[in-house]
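If you read the protein sequences in the order shown, they are chains A and B. First residue of the first sequence: 257, per this note's numbering; consecutive thereafter. First residue of the second sequence: 19, per this note's numbering; consecutive thereafter.
For the record, the hints were derived by calculation from the structure and aren't laboratory data. Every residue gets a Cβ at the ideal spot worked out from N, C-alpha and C, and that includes glycine. Take these hints with a grain of salt, some might be off.
[To be verified] Below, a sample of chain A positions facing chain B; criterion: calculated Cβ distance under 8 Å:
(1) His-301
(2) Phe-344
(3) Ile-352
(4) Gln-356
(5) Phe-360
[What the hints assert, rightly or not] Listed below are the simulated PhoX-like cross-link pairs for lysine-lysine, each with C-alpha atoms no more than 25 Å apart in a straight line:
(6) Lys-312/A to Lys-282/A
(7) Lys-36/B to Lys-54/B
(8) Lys-36/B to Lys-56/B
(9) Lys-357/A to Lys-326/A
(10) Lys-312/A to Lys-325/A
(11) Lys-357/A to Lys-59/B
(12) Lys-40/B to Lys-71/B
(13) Lys-282/A to Lys-56/B
(14) Lys-71/B to Lys-54/B
(15) Lys-27/B to Lys-56/B
(16) Lys-40/B to Lys-27/B
(17) Lys-71/B to Lys-357/A
(18) Lys-325/A to Lys-357/A
(19) Lys-54/B to Lys-37/B
(20) Lys-40/B to Lys-357/A
(21) Lys-59/B to Lys-282/A
(22) Lys-326/A to Lys-282/A
(23) Lys-56/B to Lys-40/B
(24) Lys-326/A to Lys-59/B
(25) Lys-312/A to Lys-326/A
(26) Lys-37/B to Lys-56/B
(27) Lys-59/B to Lys-27/B
(28) Lys-357/A to Lys-58/B
(29) Lys-58/B to Lys-282/A
(30) Lys-71/B to Lys-37/B
(31) Lys-56/B to Lys-357/A
(32) Lys-357/A to Lys-54/B
(33) Lys-54/B to Lys-282/A
(34) Lys-27/B to Lys-37/B
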Amino acid sequence: SQQGEEDPQALSIQEGENATMNCSYKTSINNLQWYRQNSGRGLVHLILIRSNEREKHSGRLRVTLDTSKKSSSLLITASRAADTASYFCATVRPLIQGAQKLVFGQGTRLTINP
Amino acid sequence: DTEVTQTPKHLVMGMTNKKSLKCEQHMGHRAMYWYKQKAKKPPELMFVYSYEKLSINESVPSRFSPECPNSSLLNLHLHALQPEDSALYLCASSQQAGIHYYEQYFGPGTRLTVT
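Just chain B, with the same shape it has in the complex (with noise of 0.2 Å):
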């Protein structure tokens, strides 16, 4: 199982809602990522969790909140957001680098729309 799971594929909230963005993945990666994505741009990593636990966050607002309850999932909780906050956030997980590098696995992405 090659697949990269993220839940909900779209999502409208109001700027004072609070939701979750949901990733999932079964291939036993260590690493794991969230990205934002403007239209006609490319990736802006977020954040990146390693072994369950945070290891870089791009000096990400802090309306933004990940979570990495276990090693096959990832959340990304939301609150308090802007209208210029709408994007397609993408998951992504990678096997553990070492001296060797790999690919990262992407989900289809979140459509968030803030109202």
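Looking at chain A on its own, in the form it has when it is part of the complex (with noise of 0.2 Å):
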């Protein structure tokens, strides 16, 4: 099942303007992960937050972490029309042999209006 849920489901703001999209999770976490997704195309890592951190910066991007309340956010600053897309959080579970799963939220579409 998947263990994350994010919200917004859809989220349609003006070029410039900031994008939060937020993701709860249900069980202890290592790490969470958000990645983006271009219509009909692969996923693209945006960053990688650790549970011992609190917050993490990547050029506009702003990941914040509150493992006390299973949540993060993700920041959008300054957007663009090309940050147009789906961005999905996610946490990891450990593998045998070093291999990870990942198991995705929802999801977040995303929308920057010109």
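Could you fit the two chains together into a complex? Lean on the hints.
So this is what it looks like as structure tokens:
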């Protein structure tokens, strides 16, 4: 079953505005990852935040993690049309021999209007 | 080279056909994955290969048969599929995690339509 829940399911904003997406999960984690998916394409890793980190930045992206609330948020600042995509959070479950299972949230579909 | 390639990009097949999806990476990753993604849904894990051995099968029907010929290649053999198997099939790879965890690199996917 999918562990993460994201809200909102869809978000439409004007170019230049900030976009915030939230993710909640159910079990304890080692890390949480965010991915972007352009329509009908593969996923691109955006950022990984470990359970002992509270905030992480990468360019225009800011991710926060609150393990006490089992939640994370992704903030995209100064949005651009090219940011239009679906965004997924994913928690990680370790598997045998070092592989790992990503359990994705339902995703947020972000539309940036010019 | 941080690219995962998948072929074909699109595939239309009948329910009696046999076809194969191919995935390749040259990043030296020893973990490779197949995911299935339906429209407007998140990817769902199907299979995991670790060091060329199948380590996880997420209760996938036997009409899907994975194969890992070597550390760079991953195939998914398809036989007697159903229309509900139509989806985007994604391949991914990652470094072996150990005590650390790494991102997965995804290919662009194969859009499969079963008629």
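Outcome of the hint check:
| no. | hint | verdict |
| --- | --- | --- |
| 1 | His-301 | holds (4 Å) |
| 2 | Phe-344 | holds (6 Å) |
| 3 | Ile-352 | holds (5 Å) |
| 4 | Gln-356 | holds (5 Å) |
| 5 | Phe-360 | holds (4 Å) |
| 6 | Lys-312/A to Lys-282/A | holds (21 Å) |
| 7 | Lys-36/B to Lys-54/B | holds (18 Å) |
| 8 | Lys-36/B to Lys-56/B | holds (21 Å) |
| 9 | Lys-357/A to Lys-326/A | holds (18 Å) |
| 10 | Lys-312/A to Lys-325/A | holds (17 Å) |
| 11 | Lys-357/A to Lys-59/B | holds (17 Å) |
| 12 | Lys-40/B to Lys-71/B | holds (17 Å) |
| 13 | Lys-282/A to Lys-56/B | holds (23 Å) |
| 14 | Lys-71/B to Lys-54/B | holds (20 Å) |
| 15 | Lys-27/B to Lys-56/B | holds (16 Å) |
| 16 | Lys-40/B to Lys-27/B | holds (10 Å) |
| 17 | Lys-71/B to Lys-357/A | holds (16 Å) |
| 18 | Lys-325/A to Lys-357/A | holds (22 Å) |
| 19 | Lys-54/B to Lys-37/B | holds (16 Å) |
| 20 | Lys-40/B to Lys-357/A | holds (21 Å) |
| 21 | Lys-59/B to Lys-282/A | holds (19 Å) |
| 22 | Lys-326/A to Lys-282/A | holds (7 Å) |
| 23 | Lys-56/B to Lys-40/B | holds (19 Å) |
| 24 | Lys-326/A to Lys-59/B | holds (22 Å) |
| 25 | Lys-312/A to Lys-326/A | holds (16 Å) |
| 26 | Lys-37/B to Lys-56/B | holds (19 Å) |
| 27 | Lys-59/B to Lys-27/B | holds (19 Å) |
| 28 | Lys-357/A to Lys-58/B | holds (20 Å) |
| 29 | Lys-58/B to Lys-282/A | holds (22 Å) |
| 30 | Lys-71/B to Lys-37/B | holds (22 Å) |
| 31 | Lys-56/B to Lys-357/A | holds (18 Å) |
| 32 | Lys-357/A to Lys-54/B | holds (14 Å) |
| 33 | Lys-54/B to Lys-282/A | holds (23 Å) |
| 34 | Lys-27/B to Lys-37/B | holds (13 Å) |
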